[in-house]
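Student: Since the structure of chain A is already known, use the hints to place chains B and C on it.
Here is how the chains run, residue by residue.
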Amino acid sequence: MPSKKDAAAARTTTGAAAPARLAVRKTYKLFIGGAFPRSESGRTYVVADSKGQFVANAAQASRKDARDAVLAARAAFGKWSGATAYNKGQVIYRVAEMLEGRRGEFAALEVPESELDEAIDRLVWYAGWTDKIAQVAGGANPVAGPYFNISSPEPSGVVAVVAPSSPALLGLVSVIAPVIATGNTVIVISDAPRVAITLAEVLATSDVPGGVVNILTGSAAEMGPWLASHSDVNGLDLTGVADAKLALELEQAAAETLKRVRRPAAVDWSADPGLAPMTAYLETKTVWHPKGL
Amino acid sequence: MTATISPLSEVTRSDAALRTFLHGLPGVDRVGADARAAGLGTRSIKTTAKAWAIDLAIRMVDLTTLEGADTPGKVRALCAKARRPDPADPSCPPVAAICVYPSMVPTAAEALRGSGIHLASVATAFPSGQAPLKVKLDDTRAAVAAGADEIDMVISRGAFLAGRYLEVFEEITAIKEACGKAHLKVILETGELVTYDNVRRASWLAMLAGGDFIKTSTGKVSPAATLPVTLIMLEAVRDFLDTTGRKVGVKPAGGIRTTKDAIKYLVMVNEIAGDGWLDPDWFRFGASTLLNDLLMQRTKLATGHYSGPDYFTLD
Amino acid sequence: MSRFEYAPAPESRSIVKLQPSYGLFINGEFTDGAGSFKTISPASEEVLAEVAEASSADVDRAVQAARRAYEDVWGPMPGRERAKYLFRIARIIAERSRELAVLESLNNGKPIKESRDVDVPLSAAHFFYYAGWADKLPYAGFGADPRPLGVAGQVIPWNFPLLMLAWKIAPALAAGNTVVLKPAETTPLSALLFAEICQQAELPPGVVNIVTGAGETGAALVNHPDVDKVAFTGSTEVGRIIARAVAGTKKKVTLELGGKAANIVFDDAAIDQAVEGIVNGIFFNQGHVCCAGSRLLVQESVADQLLESLKRRMATLRVGDPLDKNTDIGAINSAEQLSRIKALAEIGASEGAERWSPACELPERGFWFAPTIFTGVSQAHRIAREEIFGPVLSVLTFRTPAEAVEKANNTPYGLSAGIWSEKGSRILAIADQLRAGVVWANTFNKFDPTSPFGGYKESGYGREGGRHGLEAYLAQ
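Residue numbers (the numbering used here), protein chains in the order written: chain A, 381 to 673; chain B, 82 to 396; chain C, 156 to 631.
Chain A extracted, bound-state conformation (with noise of 0.2 Å):
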C-alpha cells in the first residue's frame, strides 16, 4: 500500500526530462527455490533512493510466499546438509568471489565502499569455517567404558531471519552466511529489496543450490509471525529485528515448536562475530559404539 510520500516520490521521476537512452530496469522480484518470483500476492511497494527519488516497485512478500520459501528451503536442506564441507566452502567462497565481481551494483545502490569489503570478506571468512567447526565444536568424547563416542554439530534445519536495516548488505551477508556455513537452509526476510534482490543474483549466479536460501523482501512484521510460528522453521534469527514487541511476539510463537531462537542484540557488524551466529544453529549428536574384538 503505497503511501503519499511514495506517490509523490513517483510523480517527481515521472517528472523528469526524457533521457537521450531510457535506461532498462530491473524488476525486483524475491528468491525462492533458486527462482525469482513476483510475490504470489501481486503486491509491490514503493522503494525510493536516500533522496527519496522513485527507483523501484519492490516485490511485497506475503504469507504464501513464506510458506512457499519454507517449502523450498526444507526441500534443498536434505542435500545442502549433506553436501561436504569442502563443498560449501568453495559455493560460500564462490559468493564472495562473485561478489567481488558485482561491487559496482551495490555501488550504485549507495552500499560503502567499506561495508561492501567487509561483506565480501566475511564470506570468505565463512567459507573457510565450513571444514573447520566440527572440529572446533564437536570431538571425542573419554567415556569411562569401552565405547567410541563422538560428537558433532549438525545443522538444525530451516532457520528463518529477519535481515537487519542497516548495514543492508553486510548484516545481510553476515545473517546468511553462518547459517548456510553449518548446513542450514534459509528464509531471510530483508526490508532491503535492492540490495537483498542483487545479493540474491549473486547468490544464483554462484553455484549455491536452489532453495538453500531464499530472500522474501517486505515486512518482518507481516511474515515474521508466520515464520515464527511454522512447524517447519527449526530456527529464528530475531537480532536484526528493532522492534522489541515484535521481537517478543515472534520469540513467543517459537516457543510452541521449541525453535532455536536469537534474541535481538546490538551488534557490531564489522566486528568478528565469533562462534556464536554458527553455533546458534547447530546440533551436538554424540554417537556411541562399543569397542571389542
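Quick caveat, the hints were computed from the structure, so don't treat them as lab data.
There's no promise every hint is true.
[Stated by the list, open to error] To be clear about the criterion: a stretch of chain C counts as covered by chain B if any three or more of its residues have a C-beta under 8 Å from a C-beta of chain B, and this derived list gives those stretches:
#: 1; region: 159-166
#: 2; region: 217-227
[What the hints assert, rightly or not] Below, computed lysine-lysine pairings styled on DSSO-like, alpha-carbon distance capped at 30 Å:
#: 3; chain 1: C; residue 1: 172; chain 2: B; residue 2: 127
#: 4; chain 1: B; residue 1: 341; chain 2: B; residue 2: 301
#: 5; chain 1: A; residue 1: 512; chain 2: C; residue 2: 291
#: 6; chain 1: C; residue 1: 466; chain 2: C; residue 2: 601
#: 7; chain 1: A; residue 1: 459; chain 2: C; residue 2: 562
#: 8; chain 1: B; residue 1: 127; chain 2: C; residue 2: 480
#: 9; chain 1: C; residue 1: 193; chain 2: C; residue 2: 239
#: 10; chain 1: A; residue 1: 459; chain 2: C; residue 2: 578
#: 11; chain 1: B; residue 1: 301; chain 2: B; residue 2: 328
#: 12; chain 1: B; residue 1: 155; chain 2: B; residue 2: 262
#: 13; chain 1: A; residue 1: 671; chain 2: B; residue 2: 341
#: 14; chain 1: C; residue 1: 239; chain 2: B; residue 2: 341
#: 15; chain 1: C; residue 1: 480; chain 2: A; residue 2: 671
#: 16; chain 1: C; residue 1: 601; chain 2: A; residue 2: 671
#: 17; chain 1: B; residue 1: 341; chain 2: C; residue 2: 480
#: 18; chain 1: B; residue 1: 381; chain 2: C; residue 2: 405
#: 19; chain 1: A; residue 1: 512; chain 2: C; residue 2: 172
#: 20; chain 1: A; residue 1: 671; chain 2: C; residue 2: 578
#: 21; chain 1: C; residue 1: 466; chain 2: A; residue 2: 671
#: 22; chain 1: C; residue 1: 562; chain 2: A; residue 2: 625
#: 23; chain 1: B; residue 1: 328; chain 2: B; residue 2: 155
#: 24; chain 1: C; residue 1: 562; chain 2: B; residue 2: 328
#: 25; chain 1: B; residue 1: 328; chain 2: A; residue 2: 671
#: 26; chain 1: C; residue 1: 578; chain 2: C; residue 2: 562
#: 27; chain 1: C; residue 1: 466; chain 2: B; residue 2: 127
#: 28; chain 1: C; residue 1: 480; chain 2: C; residue 2: 466
#: 29; chain 1: C; residue 1: 193; chain 2: A; residue 2: 512
#: 30; chain 1: C; residue 1: 562; chain 2: A; residue 2: 671
#: 31; chain 1: A; residue 1: 444; chain 2: C; residue 2: 562
Just so we're clear, the structure is a prediction, and the values are computed from it rather than from any experiment.
By construction, the Cβ of each residue, glycine as well, lies at the ideal position given by its N, Cα and C atoms.
Tutor: Okay, now just chains B and C, sitting in the frame of chain A:
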C-alpha cells in the same frame, strides 16, 4: 542320536557350505555380551535359593585331576571324595563325575563302581589336540574300553583358526563314533579361539558334528571358563535346540573356584538357556577346588557360622 | 528338574534415616515453607515424609540467597577453590552412595540395582567431572574469559531425581553460578539429602538452594525476575510454556524434553545383544526415560525371530519390590503416570495393535505396570507417536535402510535413536541421517559425564554433559 541333524544336514556337505553357515550365524557384540554376563552376575542369591543352588552345583561338578603327577592313589582318594564330598554330612549329594587322564580310567572305574557317578576321561591328545587323527581315535577307544562313559575331547584349534571347518567337523564325528555309547564333550578351548564370534561358530560346529556337550576349556590355557564365554555357549545350545530339536549340554571348566562364581553360572543357565538345563545331565562344572568352597558355604548355611578349610578334605 | 526360585534379597532400609518432615534448603539451612505435602513410596503408597511446599515468597527468598552468594562468595571465588568444593561433593556422594541409592529407590520406585549401579555412581562422576572444569574454563572454547551468568533456576523431573540434580548443579557451580533447584513433586527426598551433603561439604550458604513443591513453585522459579538462567528437564508440554515465559527476557534457557526414540534393528544385527539393547532401551527405569527406545523398528526379514527372542527375554524380567536386588522393573512413579500409561496402552489396543506382556504377578499395593509390547503398530498409531513414558514398546517393521531412517525421523521429537547392525559403514551412514541428539549404535541408554546429551527439534535445546554442557552456564 545321529551325527547329522536333518534341518541342517546340507550345511555340512562341504567346507564352503559349512563356512557359509557358520559365518552366517548372527555376530556377537563383545561389549554387549560382557555387559549381559556382568548384569546377571549381580543377581543376589540368598537363603533357600542359595542352599538349593549349592546342592545343585555339587551335583554338577566334574571333579577333576589332570596332572602329570596323578597316581592311582590320588585318583582313588578323589573318587572317595566324589562319592561322599562331606563325610560329616550324609545329606550332601555326590558329584556328577570324576574326570581323569585315560591312564587313570581303570583305577577310577574300579573306585566308582556302583556309585552312579560318571567317569569322564580327556582324550584326543589332550590338551593340545596336536596329534594325528588315528592317535586321537585310539586314545578315545582305549578310554571307553577301560570304562569311561564320558569323553572330553579337544578340537583342533589350529584347523579351526585356519578355517578348515570341515576337517574339525569330521574329526569330531569320527571321535563321536569311536565313543560308542559314551557321551562326548567337545572342548572348544575358548581361550585360544579368542573372539566370541569364534566361540559361537565353534559351538555350532561341535553340535552339528554330534557333540553331547560343549565345554569351554582344558584348564591348561588362560583364560579358561569365563561368564561371557559360557553365555555365548548357552545361547548356542538354546538356539540349537530351537533349530534342530536336539539338546546339548554345557560345561565351563577351569578357573571356577568359589561358590559365588558357581552360583553366577547357575543364574546364567537359568536365565539364558532356561531351567531345562539346570540339571547335571545338561550342565557341569569342570573343577577341582570349587567343591570344597561349595562344601564350606553349604556348612555355613546349615550351621549359621563360617567354616574353615581344615574342616574339609583335601584330596 | 526343578525351578530356580530366587529368594527375596531386599536391600536394607535401615541405612536411610527418614525424618518425619523436611523443610526448604535456603541459604544453607532448612527452613519452613508456606505449606507442605506428603511424599510416598510408589511401590507401597506408604507415606515417607512430609515435605515443605515453597510459595513464591519462599522462592524469592531462595533466589535472593543465591544472588547474595553469587555476588559475595561464589562468583568472586577462584575456580580452583570452587573445584575443590565440587570434588568434595563428588566424594561425599560416593561415601553415602548406599544411603542415596536406597532413598532413591524408596521415593522413586526404581530398582535398587539401577539406583545403586547407575544413578548414584553417575551422579558422583558428574560432580567429579565438572569439578575439574571449574579452574579451566578459559580452555573450554567459549572465549578467553568466560563469565558465569549469575543465578540459575533449575527444575528437574522425577525419573532420575539425583542424577538430574547432578546434571544441573555440577556444571552450574563449576562455571561459577549459584542455583535454586526444584526437584519433582513426587521425588524430593534425594535432593534434600543432597542438601545435607552440601552442608557436610561446607559449601557456602546460598550457593545451592533446594525448593520443593509442585508446578506453581516451578513457575515461580522460572518466572522470577532475578533468575539469569533457566534449565529444565521434563515434558515438551511444560518446555513450551517455559520457552514462552522467558521470551523477551535476558534469561538463557536450556530445555531437555520428551522423546520417541526409534531403535532400529537391521537383519545383520547381533541378535542377542540387540534383544538386550531393546530391553534396556524400553524397560530400564520402567521406561520413565526421555531417551527410551520406545519405537522398535525391526527389519521385516528378521522381525519374527527377533520378537520371539524378545518375548523369551521379557519372560525373565522380574517385576516387583524396588529394594529387592533382583528386581529388574520397579514401580511406576505415581498414580497419575500409571493412569497415563494405562490410557495410552488402551488406545494402542483399541487402534488395533496387538498387545503382549509376559506372565507376571504385580503387587497389590502401589503403582505397577507389566512390561508390554505392541506389535503390528504403524506410524499412524498414537502409541507410535506419543511419549508413553512407561514400560511399553511399540514394534514397527521396515524393509530398507531408507525406510528405517524415514520412519525414525518422522516425529517432532529428536532426542535419541538406536542402530543395531554388524556393518560399520551402514551404522555410520544411518547415524549421519538420524535427526537425534544421541545415537547409540549397538548399545543403548549409555550415559557418561563427558558425553553431551540433548535433543533436536521438540526434544529441546542445549546440551548437558561434557565440554558442551558448560555453554549453558557461561556468558560468552
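Student: Each of the hints needs a verdict: does it hold here or not?
Tutor: Hint by hint, here is what the structure shows:
{"no.": "1", "hint": "159-166", "in the structure": "holds (count 6)"}
{"no.": "2", "hint": "217-227", "in the structure": "violated (count 0)"}
{"no.": "3", "hint": "C:172 x B:127", "in the structure": "25 Å, holds"}
{"no.": "4", "hint": "B:341 x B:301", "in the structure": "22 Å, holds"}
{"no.": "5", "hint": "A:512 x C:291", "in the structure": "23 Å, holds"}
{"no.": "6", "hint": "C:466 x C:601", "in the structure": "23 Å, holds"}
{"no.": "7", "hint": "A:459 x C:562", "in the structure": "19 Å, holds"}
{"no.": "8", "hint": "B:127 x C:480", "in the structure": "11 Å, holds"}
{"no.": "9", "hint": "C:193 x C:239", "in the structure": "36 Å, violated"}
{"no.": "10", "hint": "A:459 x C:578", "in the structure": "24 Å, holds"}
{"no.": "11", "hint": "B:301 x B:328", "in the structure": "28 Å, holds"}
{"no.": "12", "hint": "B:155 x B:262", "in the structure": "28 Å, holds"}
{"no.": "13", "hint": "A:671 x B:341", "in the structure": "29 Å, holds"}
{"no.": "14", "hint": "C:239 x B:341", "in the structure": "40 Å, violated"}
{"no.": "15", "hint": "C:480 x A:671", "in the structure": "29 Å, holds"}
{"no.": "16", "hint": "C:601 x A:671", "in the structure": "14 Å, holds"}
{"no.": "17", "hint": "B:341 x C:480", "in the structure": "16 Å, holds"}
{"no.": "18", "hint": "B:381 x C:405", "in the structure": "67 Å, violated"}
{"no.": "19", "hint": "A:512 x C:172", "in the structure": "54 Å, violated"}
{"no.": "20", "hint": "A:671 x C:578", "in the structure": "14 Å, holds"}
{"no.": "21", "hint": "C:466 x A:671", "in the structure": "28 Å, holds"}
{"no.": "22", "hint": "C:562 x A:625", "in the structure": "39 Å, violated"}
{"no.": "23", "hint": "B:328 x B:155", "in the structure": "35 Å, violated"}
{"no.": "24", "hint": "C:562 x B:328", "in the structure": "40 Å, violated"}
{"no.": "25", "hint": "B:328 x A:671", "in the structure": "33 Å, violated"}
{"no.": "26", "hint": "C:578 x C:562", "in the structure": "20 Å, holds"}
{"no.": "27", "hint": "C:466 x B:127", "in the structure": "27 Å, holds"}
{"no.": "28", "hint": "C:480 x C:466", "in the structure": "23 Å, holds"}
{"no.": "29", "hint": "C:193 x A:512", "in the structure": "54 Å, violated"}
{"no.": "30", "hint": "C:562 x A:671", "in the structure": "28 Å, holds"}
{"no.": "31", "hint": "A:444 x C:562", "in the structure": "29 Å, holds"}
When held up to the earlier numbered hints, the structure conflicts with 2, 9, 14, 18, 19, 22, 23, 24, 25 and 29 and fits the remainder.
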